[in-house]
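> Sequence:
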Amino acid sequence: MKKQQRAWVALTVGAACVVAGCAANPSPPPVVDTAQDTAAPTTSAVARSAREEPQRTSISVGIDPLRNGFNPHLLADSTPFVDSLADLVLPSAFVAGDPNPDLVVSAEQIDPAPQAAQTVRYVLTPESQWSDGTPVSGNDFVYLWQAMRSTPGVRGEAGYQAIANVRTTGGGKTVEVDFTRPVAQWQGLFRHLLPAHLMQNMGFDSGMRETIPASAGRYMVRTVDRARGTVELSRNDRFWGSDPAVTELLIFRPVRGTTEGADQLRSHQLSYLDITPAETSTQAFSLVPESRVHSMTTGRELALTMSVSSPTLADAPLREALSALIDAPALARLAAGRSADLSVPERRVPEAPEETLALLRERSAAQPLRIAADPTDNQAAAAARGLADSLVRLGVQAQAVNADLNEAAAHSLGEGEVDAVVAWRASEPDAIEAASRYACPADAVRGSNLSGYCSPETEETVGAVLAGAEAPEALRAVEETEHLSVPLLRETRLMVAGPEVEGLPEAPEQWQGLATAAQWKKR
0 MKKQQRAWVA LTVGAACVVA GCAANPSPPP VVDTAQDTAA PTTSAVARSA REEPQRTSIS
60 VGIDPLRNGF NPHLLADSTP FVDSLADLVL PSAFVAGDPN PDLVVSAEQI DPAPQAAQTV
120 RYVLTPESQW SDGTPVSGND FVYLWQAMRS TPGVRGEAGY QAIANVRTTG GGKTVEVDFT
180 RPVAQWQGLF RHLLPAHLMQ NMGFDSGMRE TIPASAGRYM VRTVDRARGT VELSRNDRFW
240 GSDPAVTELL IFRPVRGTTE GADQLRSHQL SYLDITPAET STQAFSLVPE SRVHSMTTGR
300 ELALTMSVSS PTLADAPLRE ALSALIDAPA LARLAAGRSA DLSVPERRVP EAPEETLALL
360 RERSAAQPLR IAADPTDNQA AAAARGLADS LVRLGVQAQA VNADLNEAAA HSLGEGEVDA
420 VVAWRASEPD AIEAASRYAC PADAVRGSNL SGYCSPETEE TVGAVLAGAE APEALRAVEE
480 TEHLSVPLLR ETRLMVAGPE VEGLPEAPEQ WQGLATAAQW KKR
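Residue numbers (numbering that gives the first Met the number 0): 0 to 522.
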């Protein structure tokens, strides 16, 4: 009997060893990290880890509901969350104006190459790699440069339009960029590099619609659940930098109302929120025990931009007349859905002659103005509807239409199918952003310059602003004479932290939002 028992035990253990041995040999990653121990775990280790797998540290964060994709370079995808996500996941040559030591050994101007106005050399860190093991290289610089020059609906493209060539040497780790004209703020370029080896087969405007396929930051995208509206990041174990993420998982969940958000903060289902405030949000979150609350106005604004290709608004006097009819404070309240924590940009309201207003009414009667907005952007869509309704009451026929911003930039605006668009933009643009907004479009396809306005005088000023000879404010004079846009609403963010979050500055006014989440942890 004892011999039979010993035989049965031996058979069972042997079978377990076979099964465990099969499970412990997954296929290797694309590039093997030589610093890792590649020895197969023992059967006992596999069994022990199955019984005693440690709980992964995580922080849950409340955000606004997801809109479109995750490409930070596209106007259609641009949101505070997407920008913060890019900071956590994608590499940049410079961060906050300083060279990023995780990505570049050096980044400096060198003697210009023949026929170049300016040349900048980047030397990349040898260890830098994407989360699938592919090295970060000059190919990623080339890809972003070419995509920003040719894709409709991008933002900040003027600096890339000034690049004549990108050359790589040293196995792709030395990158030299030649410019056709000087760009003083070249440090703002090559921010949020994308994985060229994956994106080339996906398309710049669609490859990040559902996820970010690879990371070279402290986190990587683990899952995106569109049905639930959640995004889960996991710590990027291939990150080579000196400051890896503290918390293993960041879980972003949509907050669709103040009551829901306050309840989840109170019950510790959420530890932090970065959301658009509603009427009573600040008061409600401030009442949650031990919560810390900070409201701030960001560097973005919602604006109406009029197209010079519009059959009705092609002439500056008619754009001025339309501007004179816009009640920006009223539209700001309609767009935001609140009167508290509301910031309305200051502007000079023009006085249009009565005969010009009459001409605007006459032309709109023949062909109503079409005011476009992204239907997934609740604030932009509400502003477009409110503007159309108010214009109709003033005798100007208008209607709000839904439009994908990529499609509007590629076709609808340039072909005169829509007359104006409501979208977000920088409220105080830097040199590259300002130049992008007023530089002449290469053709009917548009990027940051949604109006399509172009003149030799303005193009000369654009060059001076890019070169640093003129301040970005020099381009504001274009608005005084051409009446291309009307700012409607400054963006306001509400940040709320529960008592369990560590890693934030003591003073809430020093918080920098989700971009610093890699250093947070829970008590």
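The hints are simulated quantities; they were obtained by calculation from the structure and are not laboratory data. A portion of the hints provided could be inaccurate.
Claimed, not checked - List of simulated lysine to aspartate or glutamate pairs, DMTMM-like, C-alpha gap at most 25 angstroms: (1) K172 / D97; (2) K520 / D236; (3) K172 / E231; (4) K521 / E508; (5) K520 / E231; (6) K520 / E289; (7) K521 / D63; (8) K520 / D224; (9) K520 / D262; (10) K520 / E247; (11) K520 / D242; (12) K521 / D262; (13) K521 / D326; (14) K521 / D97; (15) K172 / D242; (16) K520 / E501; (17) K520 / D177; (18) K520 / E490.
> With reference to the structure, classify each hint as holding or not holding.
Going through the hints against the structure:
1. Only pairs whose Cα atoms come within 25 angstroms are accepted, and K172 paired with D97 is accepted, the gap being roughly 19 angstroms.
2. The suggested pairing of K520 with D236 holds, with an alpha-carbon distance near 17 angstroms, which does not exceed 25 angstroms.
3. Of the pairs offered as hints, the one joining K172 and E231 is violated, with about 31 angstroms between alpha carbons and a cut-off of 25 angstroms exceeded.
4. Simply put, K521 and E508 have alpha-carbon atoms about 21 angstroms apart, close enough for the 25 angstroms limit, and the pair holds.
5. With a CA separation close to 16 angstroms, the supplied pair K520 and E231 stays within the 25 angstroms bound.
6. As the CA atoms of K520 and E289 are separated by approximately 17 angstroms, the hinted pair is consistent with the 25 angstroms bound.
7. Restraint check for K521 and D63: the C-alpha separation of about 22 angstroms stays at or below 25 angstroms, so the hint holds.
8. A threshold of 25 angstroms between alpha carbons decides the hint, and for K520 with D224 the separation of about 24 angstroms falls inside it, so the pair holds.
9. Under the criterion of a C-alpha separation no larger than 25 angstroms, the hint pairing K520 with D262 is consistent with the structure, at around 21 angstroms.
10. About 9 angstroms separates the Cα atoms of K520 and E247, which keeps this hinted pair within 25 angstroms; it holds.
11. Distance restraint check for K520 and D242: the Cα-Cα separation of roughly 14 angstroms lies within the 25 angstroms cut-off, and the hinted pair is therefore satisfied.
12. With a C-alpha separation of about 19 angstroms, the suggested pair K521 and D262 falls inside the 25 angstroms cut-off, and the hint holds.
13. Distance check on the hinted pair: K521 and D326 sit about 46 angstroms apart at the alpha-carbon level, beyond 25 angstroms; violated.
14. In summary, the hint linking K521 to D97 is not supported, as the alpha carbons are separated by about 29 angstroms, beyond the 25 angstroms threshold.
15. Simply put, K172 and D242 have alpha-carbon atoms about 22 angstroms apart, close enough for the 25 angstroms limit, and the pair holds.
16. Distance hint between K520 and E501 is fulfilled; the C-alpha atoms sit about 5 angstroms from each other, no more than 25 angstroms.
17. Between K520 and D177 the CA atoms are separated by roughly 43 angstroms; this puts the pair beyond 25 angstroms, and the hint is violated.
18. Our distance criterion of 25 angstroms between C-alpha atoms is broken by K520 and E490, whose separation comes to about 28 angstroms.
Checked against the numbered hints above, the structure violates hints 3, 13, 14, 17 and 18; every other hint is satisfied.
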